[in-house]
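Colleague: Here are the chains, one letter per residue:
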Amino acid sequence: MTRTRWFAVHAELSPRARSLLGFFSFVLPILLWCIVSYVPAVWHPLVLITDPGSVDYFQPDMRVDRATFDQETADATAQNRALPQGVPANPIYLPAPHEVLKAFYTSFTMPPEARDSPWLHQSLWHSIQVIFWGFVISSIFGVPLGILCGTYSPISRLTEPFVEFFRYLPAPAFGALAVAILGIYDGPKIAVIVIGTFFQQVLIIANTTRKLDGALVEAALTLGTKNLQLLSRVVIPGILPDLYRDQRILLGWAWTYLIVAELIGTTTGITWFITQQARYQHFANVYAAIFIIGIIGLGTDILLGLLGKRLFPWDRTVKA
Amino acid sequence: MNAQKTLPSYLEQSQQVRERFDRMKSREVILKVKSLGKTFETQKRETVALKDINFETYRREFLCIVGPSGCGKSTLIRILAGLETQTSGEVLLQGKPVRGPGRDRGMVFQGYTLFPWLTVKRNVMFGLEVNNAGRLEAETQALQWLQLIGLEKFADAYPHQLSGGMKQRVAIARALANQPRILLMDEPFGALDAQTRTRMQAHLLEIWRKIDITIVFITHDLDEAIYLADRILVLKPHPGEVQELIEVPVPRPRQMDQFISEEFLTTKARLEELIYSSEAHGEEGEEPYPMMMRLAEVGDNVE
Chain A
1 MTRTRWFAVH
11 AELSPRARSL
21 LGFFSFVLPI
31 LLWCIVSYVP
41 AVWHPLVLIT
51 DPGSVDYFQP
61 DMRVDRATFD
71 QETADATAQN
81 RALPQGVPAN
91 PIYLPAPHEV
101 LKAFYTSFTM
111 PPEARDSPWL
121 HQSLWHSIQV
131 IFWGFVISSI
141 FGVPLGILCG
151 TYSPISRLTE
161 PFVEFFRYLP
171 APAFGALAVA
181 ILGIYDGPKI
191 AVIVIGTFFQ
201 QVLIIANTTR
211 KLDGALVEAA
221 LTLGTKNLQL
231 LSRVVIPGIL
241 PDLYRDQRIL
251 LGWAWTYLIV
261 AELIGTTTGI
271 TWFITQQARY
281 QHFANVYAAI
291 FIIGIIGLGT
301 DILLGLLGKR
311 LFPWDRTVKA
Chain X
1 MNAQKTLPSY
11 LEQSQQVRER
21 FDRMKSREVI
31 LKVKSLGKTF
41 ETQKRETVAL
51 KDINFETYRR
61 EFLCIVGPSG
71 CGKSTLIRIL
81 AGLETQTSGE
91 VLLQGKPVRG
101 PGRDRGMVFQ
111 GYTLFPWLTV
121 KRNVMFGLEV
131 NNAGRLEAET
141 QALQWLQLIG
151 LEKFADAYPH
161 QLSGGMKQRV
171 AIARALANQP
181 RILLMDEPFG
191 ALDAQTRTRM
201 QAHLLEIWRK
211 IDITIVFITH
221 DLDEAIYLAD
231 RILVLKPHPG
241 EVQELIEVPV
251 PRPRQMDQFI
261 SEEFLTTKAR
271 LEELIYSSEA
281 HGEEGEEPYP
291 MMMRLAEVGD
301 NVE
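Listed in order, the protein sequences are those of chains A and X.
FYI, the numbering for the first sequence is 1 to 320, going by our numbering.
FYI, the numbering for the second sequence is 1 to 303, going by our numbering.
Because the hints were derived from the structure by calculation, they are not lab data.
All figures in this text were calculated on a predicted structure; none of them were measured in a lab.
No residue lacks a Cβ here, since even glycine has one placed at the ideal position from N, Cα and C.
Which stretches of chain X does chain A cover? Using the computed rule of at least three CB atoms under 8 Å from a CB of chain A, they are:
id	segment
1	106–113
2	172–178
Here are some of the chain X residues that sit facing chain A, going by a computed Cβ distance under 10 Å:
id	residue
3	78
4	102
5	116
6	117
7	119
8	126
9	127
10	130
11	158
12	184
Listing some non-contacts, in silico: residues in chain X with all C-beta distances to chain A over 10 Å:
id	residue
13	11
14	18
15	39
16	40
17	55
18	151
19	155
20	163
21	196
22	210
23	291
24	292
25	300
26	301
Excised from the complex, chain X in its bound form (with noise of 0.2 Å):
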């Protein structure tokens, strides 16, 4: 924390970076959300999940959503993806209300979710195959998919043979056969191991920037939403609002390198500033951990 005074700002952009940031606003925007509200409704009492968030993401930007837990990011993004519905405001996709589900996004979810009874292949047809695609069409696409994400040869197998990182990217397979304007992904590394997660995130770059896409990604690890995103929206809980939309100053391509960069830093600590301060009110309803009483032998220390 002391190292942030020596840091510049993370508002300070290179050149190159805010070039690259007038390019993406330039494109149109894909994905605009206005005045978003949600209210759960239990017996005894109103609950606040989200209150008047609005963004918008540009063709091709990748965002990513971070906040603490209880923020109502994963709200947000099922409302996004139409799995559930706002209470208030709306969400335009290219100009067009967003009701219920549809191809036209597609979702990663956290848990493995596909289809077991279904080989790889299989998978990564079903939603050209729903959407009326012959089946020659949807498997010539499938296999297409397979070959870009490197598993053409698990063609056959079926997902209980393939590795949790290897699942992953079958489901990102089969989300983008679909060829959606934006891909939704709620938190789809989480489950996975440090190693598989760090080269899952540079395989997701590598197929961002190779197909017209538009990611809104939920994270709750700093370091991957700053390796990952163009912009980051941070969200505060209690109710869930929009802390701030920042717009992250480490230049692409990224590299594992830039870890310690002096931009990805200044934007750590502003982030883990923005976090831990809407944090240190503690969840709602949580005690303060208690002062333990010492139970290991005198001068036996580990500290």
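If we strip away everything but chain A, and leave its shape as in the complex, we get (with noise of 0.2 Å):
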């Protein structure tokens, strides 16, 4: 392996490095989060208090500055008083990987504080139904209507202006219209998946159905098709795979809206999960959380990634 070869514009690599690469890109930033956890010359800005020794504010398992901790240490050794301990220590909110990967454990295994609160995989599957209804809604109107626009130039140069201004709207501005429409449950939330998505997916499956082969239109149209059959037989089929990726992108974009959309009207979800265990001070659990929406949401484009390629053996775009 030459370098140049791996600098090269648009290098072809082996399977071998493409994998290893991309287990390096996970590796990369857990290494440099373990540094910064364990190695105490690194940051650490603050001493978690072991023994308070004279000082008589100081408690076990306190975080204090640096500072002030130093200066204490100072005037105690000035007045000959017991000395105080502690070890170098980060902020609260920045948990070490191994407190984080236990929470991963526990946060699924510890019963809700509150009694009648749902458990973490109920907030979870609470969450991926919002998401489910809020993408299926969307797509149910956004992909014909893209298709439609990408194929014939009235019904795009009628729609599309409107939705190029509509998608700069916020999504999360129509949330306290929503509820007064919808209610607080999940009505409104689903509602503001659906803003976030649609007019991004009408815009950009336009655009898809648009790249279409001009030639292949033609093509069936000198083999005597008519009209509608244009549309089913050579549009849909033609764009399929790069529809299907499309889709694929949108949804990670609709993962995006859920925190805002389940803030509105009653938290609910994994938000709600977050946000109690910010309040308890659990960041372990909050970045457990955080991590989990991550998984599902790469675990749910590799497995669509993988169906993909079983679909449409015919695409020679995808590569993993």
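Make one complex out of these two single chains by using the hints.
Modeller: Okay, here's the thing in structure tokens:
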């Protein structure tokens, strides 16, 4: 492996190199996190008190600024009092990797603080349902409209300028309105995800449809294909792999609207879990919950990617 | 070019060739183009792409259309296919005016236009299926066409697994499966390498011999035109007009060794004369290439 081959523009990497690099893309940030957490010389701006000594306001397991700790130690030394003891520590909002790892397990096994509030897996399931319905409702309207816009210019001109305008309106801004119309439960949450997804969806799918090779349409015309057949037998199958890719990307966007959506009305789902845990300063649980969203998101995307390869064996553009 | 004087005229035909043409012209007219014109309107000006085109082709004729770039030959064939509409004049297919594309005119394009999501067999079935043939019927016919072009082994392959030449053979089969009256071909072998192209030309002649089809074939390769055609329609550019309709005096069946025959060379000389004289005016707006300053060392000559 010479350097020129790795750093050629759009270099072709061997499958081994590809998976190795993919692995490191995860290892590197985790390594950085480990260094910050486990090497006392790196950062650690606080001191975790193990023994308060003669300092009356220090308590075991309290975190104080290093400067305060040094000052008190100096004072105690000067007055010949018992010295406080402590170890360098990071702020409570940055738990170490092993704590978060442990929280992955405990947050599923730990019963909820309040008796009738949901467990983590119940919260997650609720979030997944909100995403699912938001995305499905958006797609039911957005995909056909996008395809029509990409195929027929009059529909495009009649629709796209307004959609173009509407997509700049931040979806969360419609939260209050959605609550007024749809109540405080899942309705407005789904509505926010729909608003956040739909308008982008129409434009993206319209563009994908427009990119279909016009020669294929012409070839179909010379074979005697008429009107709607053209749509069902040429346009739709022709864009299907790209449409599928677009949907995967849009599903990712839908997830980014989830937290805002769940804050609307009564807080529910994974957002409720995160805010609760943050309130009790269980930050390890907060990180665990955030990472679970990432894992679910990436996991679905990888699964859909593999499914796509199965569904579209003729597609030449797919690469993992 | 000097050889031209010693050659007989391209207008001289042997007895056998003349009889072939007489037989061809005694068949019915399939396609009639009457004072066809096409003007493109842009915001600034009007461009006349085609002006007063008149010709007709007989059933089972092989007609080639040649001309320098910008002569509107692609526009002409697209109008014949119904993919574009003329500004004036008429195209009659078996006496009926052409309006829009239809299954009575098959077309093979220069680019590969097989449907990438369909297997080779389903591609050939496509025309039959959209014209309401039963699935089984379409499949049987498609397999027959694949057999004719010798690709039945690839029936279940996807287009991306085929070479360029194979793709064009499937495209021909796909067009023919609809049993059109006329097959329009727009530089179909233009993207192929020289060897494949030669084999495809012979293959196309073989297909043409065997089935009742009239072919209108666009090319800018003069050898290809002479090798394939009964008659060659020569267009000239700015605006696109018919310059001459040449009856190719080379006897059939055509062989590769005819490329150096007298009839072949005299026809080619005539075509070159027609095309280069109209090309000599240069493309519209194109400057002559500049004389270049010498950059190589003195005495270091390659010629």
